[in-house]
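With the hints as constraints, model all of the structure from the sequences given.
So the sequence lines, in the order shown, correspond to chains A and B.
Quick note on numbering that gives the first Met the number 0: the first sequence kicks off at 0 and runs consecutively.
Quick note on numbering that gives the first Met the number 0: the second sequence kicks off at 0 and runs consecutively.
One should not assume that every hint holds.
[Claimed, not checked] Within a straight-line C-alpha distance of at most 16 Å, the following computed EDC-like cross-link-like pairs (lysine to aspartate or glutamate) qualify:
| hint | chain 1 | residue 1 | chain 2 | residue 2 |
| --- | --- | --- | --- | --- |
| 1 | B | Lys351 | A | Asp93 |
| 2 | B | Lys264 | A | Glu161 |
| 3 | B | Lys129 | B | Glu153 |
[To be verified] Listed next, with one range per pair, are the computed distances between beta-carbon atoms:
| hint | chain 1 | residue 1 | chain 2 | residue 2 | range |
| --- | --- | --- | --- | --- | --- |
| 4 | B | Ala74 | A | Phe173 | 42 to 50 Å |
| 5 | A | Ala172 | B | Ser136 | 46 to 54 Å |
| 6 | B | Lys279 | A | Asp93 | 46 to 54 Å |
| 7 | B | Ala49 | A | Asp93 | 25 to 33 Å |
| 8 | B | Gly211 | A | Asp79 | 19 to 27 Å |
| 9 | A | Val87 | B | Lys159 | 46 to 54 Å |
| 10 | A | Gly154 | B | Glu373 | 32 to 40 Å |
| 11 | A | Val87 | B | Glu373 | 43 to 51 Å |
| 12 | A | Thr86 | B | Glu153 | 53 to 61 Å |
| 13 | A | Arg98 | B | Gly310 | 36 to 44 Å |
| 14 | A | Ser177 | B | Gly310 | 20 to 28 Å |
| 15 | B | Asn75 | A | Phe173 | 44 to 52 Å |
| 16 | B | Lys322 | A | Val87 | 53 to 61 Å |
| 17 | A | Arg98 | B | Gly211 | 21 to 29 Å |
Hint data in this document are derived by calculation from the structure and do not stem from the laboratory.
For glycine and all other residues, C-beta sits at the position ideal for the given N, C-alpha and C.
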Amino acid sequence: MSVNKLGKLAVIGFSTAIIAGCSTTATETDTSTVAEATDSSVQSEGADASTDQSFGAGQEGSLTSVIVEDEAVAEEVIVDPLAGVETVFYFDFDKSIVRPESREALAKHAQFLVNNPDARVVLEGHADERGTREYNMALGERRAKAISRYLTIQGVAASQIETVSFGEEVPVAFGSNSDAWQLNRRVEVRYE
Amino acid sequence: MMFKKWFGVLIASMLLVSTAKAQLVIEITSGADQLLPIAIVPFGYNGVDALPEDVAQIVENDLSRSGLFKPVPRANMLSMPSTEADVFYRDWRLLKSDYVVVGSVRKLENNQYRIGFELLNVLTEKAVQKHSSIDVSASNFRDAAHYISDKVYELLTGTKGAFSTRVLYVTAEGDRKAPLFKLQVADADGFRPQVIVESREPILSPSWSMDGRNIAYVMFRNRRPNIFIQELATGKRQQIAQFRGLNGAPAWSPDGKKLALVLSKDNNPEIYTLDIATQKLERMTNHYAIDTEPSWEPDGKGIVFTSDRGGNPQIYRLDVNTKRVERVTFEGELNTRARMTPDGRYLVTVQKNDGNYHVALQDMKTGRVQTLTETYLDESPSIAPNGSMVIYATTYKGKGILAVVSVDGLVKYRLPSAEGDVREPSWSPYFK
Numbered sequence: 000m001s002v003n004k005l006g007k008l009a010v011i012g013f014s015t016a017i018i019a020g021c022s023t024t025a026t027e028t029d030t031s032t033v034a035e036a037t038d039s040s041v042q043s044e045g046a047d048a049s050t051d052q053s054f055g056a057g058q059e060g061s062l063t064s065v066i067v068e069d070e071a072v073a074e075e076v077i078v079d080p081l082a083g084v085e086t087v088f089y090f091d092f093d094k095s096i097v098r099p100e101s102r103e104a105l106a107k108h109a110q111f112l113v114n115n116p117d118a119r120v121v122l123e124g125h126a127d128e129r130g131t132r133e134y135n136m137a138l139g140e141r142r143a144k145a146i147s148r149y150l151t152i153q154g155v156a157a158s159q160i161e162t163v164s165f166g167e168e169v170p171v172a173f174g175s176n177s178d179a180w181q182l183n184r185r186v187e188v189r190y191e
Numbered sequence: 000m001m002f003k004k005w006f007g008v009l010i011a012s013m014l015l016v017s018t019a020k021a022q023l024v025i026e027i028t029s030g031a032d033q034l035l036p037i038a039i040v041p042f043g044y045n046g047v048d049a050l051p052e053d054v055a056q057i058v059e060n061d062l063s064r065s066g067l068f069k070p071v072p073r074a075n076m077l078s079m080p081s082t083e084a085d086v087f088y089r090d091w092r093l094l095k096s097d098y099v100v101v102g103s104v105r106k107l108e109n110n111q112y113r114i115g116f117e118l119l120n121v122l123t124e125k126a127v128q129k130h131s132s133i134d135v136s137a138s139n140f141r142d143a144a145h146y147i148s149d150k151v152y153e154l155l156t157g158t159k160g161a162f163s164t165r166v167l168y169v170t171a172e173g174d175r176k177a178p179l180f181k182l183q184v185a186d187a188d189g190f191r192p193q194v195i196v197e198s199r200e201p202i203l204s205p206s207w208s209m210d211g212r213n214i215a216y217v218m219f220r221n222r223r224p225n226i227f228i229q230e231l232a233t234g235k236r237q238q239i240a241q242f243r244g245l246n247g248a249p250a251w252s253p254d255g256k257k258l259a260l261v262l263s264k265d266n267n268p269e270i271y272t273l274d275i276a277t278q279k280l281e282r283m284t285n286h287y288a289i290d291t292e293p294s295w296e297p298d299g300k301g302i303v304f305t306s307d308r309g310g311n312p313q314i315y316r317l318d319v320n321t322k323r324v325e326r327v328t329f330e331g332e333l334n335t336r337a338r339m340t341p342d343g344r345y346l347v348t349v350q351k352n353d354g355n356y357h358v359a360l361q362d363m364k365t366g367r368v369q370t371l372t373e374t375y376l377d378e379s380p381s382i383a384p385n386g387s388m389v390i391y392a393t394t395y396k397g398k399g400i401l402a403v404v405s406v407d408g409l410v411k412y413r414l415p416s417a418e419g420d421v422r423e424p425s426w427s428p429y430f431k
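Take a look at the structure:
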C-alpha cells in the first residue's frame, strides 16, 4: 500500500469528519467573551440550542458513523492505513507512563500523522472510578499528554494533536474490580 | 370518638405518603447516642378538602434525620391537641417526651392556608416557642414544614437548622454505556427534585453561589469540557470557560464576585480566578504538578486545593493575596477535594487509607484527623451551611448513591435513588 494512498484516505476521512461535525454541532448564542474558540467547526451554523435537551448532539459526529458514510460515497477508498491498529492504550493505577506494549501501535499513528500533516488527532484520556472526579480529570489529561509526547517525539507536529480528558465520567467497563478499572484507565486515539 | 379521630389521621397520612413523590428515599443507618424525645402531634385542620401535605410528618422526618431527636410514634400518643390550651402535660410526661410540637392548619380565602405551631416544654409546662403562624399556598406546604423544623431545631440545639436548604446533584440514567446525565436540584430531604440540565455528555462539579441564586457546573459539549454559570430562577445561562484542555472545578468566592476554576490552557492544571463582572482571569498557582479542586475559605482570604506536588495528592492552602502556598494535610496516603466548614474550624477531605477512600475531618486548630465514613468509594463531600452534616457520594450495592454523615461521625443516613447512579452532591447555602 503506497504512502500516496494513505494520504488520500486521510484527507477524505478528515474532511468528512469536519463536515459531519458541522452538521451535528449545536451551538449556543450566549457564548461569553472570555471563552476561546477552540475549533472553527464548533462555531457552525447549528440551530440555536438554548433548550437544554438538544445538548446530546455531540455523540453523532463520532468517527464510526463518518466511516460508514465515507465508504458509501467514495468507493475508490479501499484500505484504511490504520485498520487493525490499536486505538486504545492502557495505563497503570495512578500512573501516566506509556507502556512498552503500546509503542508499536503508537509508532504507526505517529507515522500516519507525519505523512498526513493535515490530519488532526484527539487524545482522550480516562481514569478509573477510584478517587475524586476532578482529580481524575487531571489524571486523564496527564495520560493523554504522555501519549501526545510520545507522538511528538516521533515527529508529529504539536498542532496536529489535541488532548482532552473525560476523567472517570465515561467508563467502558462496569463493576468495582481490578479488571474493570484496568480497562477504564486508558487513552483513546480519535481522528477528527 | 378518639379512635375515630386517630383513624382519620392515619388514613390521611398514609395517603400523603403514597402521593408525595421523592426521588431520594431516606434510610437512617445510625444515630447519636443521646436522642432528645419530642412529640410532633398531627396538626389540626378545620377544612374538609384533603391537605396537600402532612406538615407534622415532614417535621418529624426532618428532626429524626438530624439524628438528634427521637420522635414519639403517633400510635403511642394519648391525645392529639392542636393548641397549647388543649395540652395535658401529664400525657406527654407518661410518654417520656421532653417537648411537644402542636399546630393547626386553617384554610383561608384564595387557596391560602395559615399554618400555626407552638413548641412546648413538658417539664416546665411552658412554651419554648409561643404560637406563631405562616401563610402559604398549597405548593409551599413543604417549605412551611421545613421552616417549623428549622425553628424547633434552632430553639432546642442552639444551631441554626438547615432543613430549608437544597441539594444539587448529578444523575446518570438509562444504558450505562450511553447514559443520560441530569443536573438536578431537590430539597435537602430529597423531595421536589427538578431537572436543571440534561445531556448525553457528562456533567460534573456543580456548585452554588453564596446567595443560592446561581450555580456553576462543568458540562461536556462536542466531547470537550465547558464551564457554565446559570441563574436558577430564570434558567439564564452563560458559558464562561471553554479553553483548550481542562475546564473544571468551578467554585464561587464568598463575596460572589469570582469563580475559582481549573484550566490547563498553559500546559498543566493550574488554579485560576475569574472575575465574573470584568471577565478578568488571574492565574493563582504555578507548578508542573496537578493543581485542582479549589475551594474558598469562608472569609475568602484563602483557597484550599489538591496538588500532587509533594509526590501524592494532598491538600494545600493558597493565600489569595500573596499567592503563597502551604501544605495543610499530612495524614493518610492521599487527601483530595477539600471543603471547609462555615466556621473555618474543620477541613473535610476524601482520604485514602489502605486502599479505601473515605471522608475525613481535620481539625484546623489541633490538626487531629478523624475518619467519618466507612462506606465504599466515598467522594464529593459537601457541607451543610450550618456545619452540622456532610453529604457525599458513595457506592452501595453497585450503584452510586448519596449519603450524609454528621461532622461528629455519629449520625449517618443514605439517600438511595430510585433510578440510575446519583453523584456529585452540593449542599446549598442558606437562601436569603
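Checked hints:
1. B/Lys351 to A/Asp93: 13 Å, holds
2. B/Lys264 to A/Glu161: 11 Å, holds
3. B/Lys129 to B/Glu153: Holds, because 15 Å separates the two Cα atoms, which is no more than 16 Å.
4. B/Ala74 to A/Phe173: 42 to 50 Å: 44 Å, holds
5. A/Ala172 to B/Ser136: 46 to 54 Å: 49 Å, holds
6. B/Lys279 to A/Asp93: 46 to 54 Å: 35 Å, violated
7. B/Ala49 to A/Asp93: 25 to 33 Å: Once the Cβ atoms are compared, 57 Å apart, the range 25 to 33 Å for A/Asp93 and B/Ala49 is violated.
8. B/Gly211 to A/Asp79: 19 to 27 Å: 53 Å, violated
9. A/Val87 to B/Lys159: 46 to 54 Å: 51 Å, holds
10. A/Gly154 to B/Glu373: 32 to 40 Å: The hinted range 32 to 40 Å is violated for A/Gly154 and B/Glu373, with Cβ atoms some 52 Å apart.
11. A/Val87 to B/Glu373: 43 to 51 Å: 35 Å, violated
12. A/Thr86 to B/Glu153: 53 to 61 Å: For B/Glu153 against A/Thr86, whose Cβ atoms are near 59 Å apart, the range 53 to 61 Å holds.
13. A/Arg98 to B/Gly310: 36 to 44 Å: 22 Å, violated
14. A/Ser177 to B/Gly310: 20 to 28 Å: 23 Å, holds
15. B/Asn75 to A/Phe173: 44 to 52 Å: Holds - the Cβ-Cβ distance for B/Asn75 and A/Phe173, about 46 Å, lies within 44 to 52 Å.
16. B/Lys322 to A/Val87: 53 to 61 Å: 40 Å, violated
17. A/Arg98 to B/Gly211: 21 to 29 Å: 47 Å, violated
Violated hints for the displayed structure, listed by number in ascending order: 6, 7, 8, 10, 11, 13, 16, 17.
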